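In case you want the letters, here they are:
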Amino acid sequence: MKKRDILWASLALLALWELLALAVHQPILPPPPEVAAAFWRDLGRGLPLHFLASLGRVTAGIAVSVLLGVPAGLALGMSRRLHRLLGPLVYILYPIPKVVLVPVVFLVLGIGDLAKVAMIFIILFFQVLVLVRDQAAAIPPALVASVRSLGAGRRALFRYVYFPACVPAILTSLRQSVGTAVAVLYIAELFATKWGLGYYIYFQGSTLMDYPAMYAGVVAMSLLGLGLYFGIDLLERRLCPWAR
Amino acid sequence: MRSTAIRVEKLSFAWPGREALFSGFSLDIGRGESWAIVGASGSGKSSLLALLAGLERPQGGRILIGGEELIRPRPGTGLVLQDHGLLPWASIRDNVSLGPRLRRFYGADGRHAPSEAALAPSGSAAPGHAAAGAATKKASAAEASARTAASVDFWLERLGIADIAEAWPSHVSGGQRQRAAIARSLVLDPDILLMDEPFSSLDEATREDLRGLTLDIGRERGMSLVLVTHSIDEALAVGDRILLLGASGSAPAKTLIFDKPRGEARAAAGLKASLRAAMEER
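Chains H and F are the protein sequences, given in the same order. The first sequence lines up with residues 1 to 244 when you count with the numbering used here. The second sequence lines up with residues 1 to 282 when you count with the numbering used here.
Read the hints as simulated data drawn from the structure, not as lab findings. Check before you lean on any hint, since a few could be wrong.
Just a few of them, taken from the derived set where beta-carbon distance is under 10 Å, the chain F residues facing chain H [as the list claims (entries may be wrong)]:
hint : residue
1    : F13
2    : L79
3    : L87
4    : Y106
5    : A144
6    : S145
7    : I164
8    : D196
Stretch-level coverage of chain H by chain F, calculated; a stretch enters the list once three of its residues show a Cβ under 8 Å from a Cβ in chain F [unchecked claim]:
hint : stretch
9    : 135-146
10   : 158-168
Source: prediction; values computed, not measured. C-beta atoms are modelled at their ideal positions from N, C-alpha and C, and glycine is treated no differently.
Chain H with its partners taken away, still in its complex shape (with noise of 0.2 Å):
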C-alpha cells in the first residue's frame, strides 16, 4: 500500500467523522478536532502510559505466541507421524472462537497481566501454528531434496528450509490477529487493572463522562492496532523481499 493512498484514506475518515458528528450533533460523537484536543491535554496525563501499558501486553502475546507456535507449527508441519496424533486436537481447536475464553483464563490465571497476556496468547497461537505447519507441510518434497542431497540432515533443514519457508506465514497469521488480539486486549483491560487503553476508554467514557477524552482512548487503541499492522507489514517487506 502506497503511503499516499494511506494518507488520502485517512482524510476521508476524518472528513466522515466530521460530518457525521455534525448530524448527530451530540456530546457523544464530538468532532474530530474536540478529541484532537484532548488527545494533546491527555499525553501530559498519562495517555502514553496507558498506551504503553496495552503495548507491553500485546508484544508479550505477540512474543509467546510465535516462540511457541512457531516451532509447534513447523514440528506439525515436518513429522506426518506428530501430525496424525496431533492434528485432530488442532483441528477441533483452531474454529472456537478463543474470546469465549476469557472468563476461563480470568478463573484459572487470575486477574492479573498473566491472564490478559494469555489470552492474546491464545487468540495469536493457533493463527501462527495453522499458518506456519500448512506452509511447512507445503514445501515442495523436491526442494527438501536437493538440500538433503547437498548434505543437510533435520537440523540444517529447519535451519535453511523449513523456518525461512515460514517466515511469511508467521507475518501473515500476526497481521491476520492482530486486530482480534488489541480488540481482546480491550476487553481484558476492562478488568482489575488501572492501566491501559482499554481501562482508560471505560475509565473516561463511563465514569467520568468525557467523551472527547474517551474518544482520545479509542484513536490512542486505533494507533496501536495500525502500528503493529504496519509494524508487521514492514518487516515481511525487510524480512521477505523475494516474496514481493
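For this one, chain H is given, so just place chain F on it according to the hints.
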C-alpha cells in the same frame, strides 16, 4: 581398466503400498561414465536416482559408491532435479553457495560433509586455483570463506549466470534457474552427478546449450554422470550407456542396457530404433 563408481547389488525397492519397482536389480556404473536412464512413466527412473542419491533406502540389497555402502546422501554426489530445488528466499549466489554453508554448519563430520575437511570447494580445483589440501585445514575461517566465494564466483561465471547472481530465483528464467542448480552441485566438487530430467522444462535451444555445457564439465572433471530422461534423443545425446527400465512391476530381467556406438550415424539411428521398439514393447 574400468573402475566402478557406483555398484548396485541385488536391489529391492517398493514405495509403501505399491508394487515392487526393483527386485534383485544390479548395475555397475564406471568412473567417469555417462549413463542415461530411460523408461516409461512409473518404471522407477526417478526412484532409482533417489536411491543412488541416498535419499531413499532400499528394502533389499545395497548400493556401493567408491566401495562404501550408501546409507544417506553422500557429500560427493551432486543431484539436479527437474524442479531445480532452489531456495526461493535466497539469491542465486546464496543458492549456489548453500552447499559450502551446510558444510560449515556441520563441520567436517564425515557424515554431512567430507571428513577430510574439504570445506574449500571446487572453485579451488578450477584451473589456476589448485589448492593444497593440507593448507586448507590450517586456513582461517576468513580464508575458507574467501575460497568459497571464489569458487562460487567461478561456477557462476562458468555457468553464465554471474550477471544475475544477486537476483531471486523467481526473477530469472527457467534455464537460468537450472544453471544455478547445476552450479550449486558443482561448487561441492562432486565425483558423481545425478540428474533427474533437468532439461525437460527448457526450450530446445537452452536445453541443447545446457546439456552440452554439463557434458563438457562432466568430462573435464572426470565425473560419473547419471541422467534420467523420458527422451530417447536426450538419452542418446548424453549417455555412453543407456539403461532402459521396464514398466512398473515388470521383472528386472526386462531391464536392458545399450552401449552407444561412437561416431557412426547409422549405428546411432539403429540404436534409437531399437530403444524405441524396446520402450513400446513395455
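Subject >> Coverage of the stretch 158-168 of chain H by chain F, judged on three or more residues with CB within 8 Å >> reply: Holds, because 6 residues of the stretch 158-168 of chain H bring their Cβ atoms closer than 8 Å to Cβ atoms of chain F.
**OP:** Hold the hint about D196/F up to the distance rule: shortest CB distance to chain H must be less than 10 Å.
**Re:** This interface hint holds because 9 Å falls under the 10 Å limit.
Subject >> Cut-off 10 Å, beta-carbon criterion: hint that Y106/F touches chain H >> reply: Where the cut-off is 10 Å and the nearest Cβ of chain H is about 7 Å from Y106/F, the hint holds.
Subject >> Assertion that chain F covers the stretch 135-146 of chain H - criterion: three or more residues, beta-carbon distance below 8 Å >> reply: holds (count 5)
**OP:** Closer than 10 Å between Cβ atoms is the bar; does I164/F clear it against chain H? Give me holds or violated.
**Re:** Nearest chain H Cβ about 14 Å off; hint violated.
Subject >> Hint check, L79/F versus chain H [nearest Cβ-Cβ separation less than 10 Å] >> reply: 4 Å, holds
Original post:
With 10 Å as the cut and Cβ atoms as the points, is A144/F at the interface with chain H?
Top reply: This hint is violated: A144/F lies away from chain H, its Cβ roughly 16 Å from the closest one there, beyond 10 Å.
Original post:
Is the interface hint for F13/F satisfied, with its Cβ closer than 10 Å to some Cβ of chain H?
Top reply: 16 Å, violated
Original post:
Quick one, is the S145/F hint okay against chain H at 10 Å, beta carbons?
Top reply: Not OK, violated: S145/F not within 10 Å of chain H, min 17 Å.
Original post:
Per the CB criterion, is L87/F less than 10 Å away from chain H?
Top reply: Since the shortest Cβ distance to chain H is 7 Å, the answer is holds.
Going down the numbered hints, you'll see the structure goes against 1, 5, 6 and 7, while the others check out.
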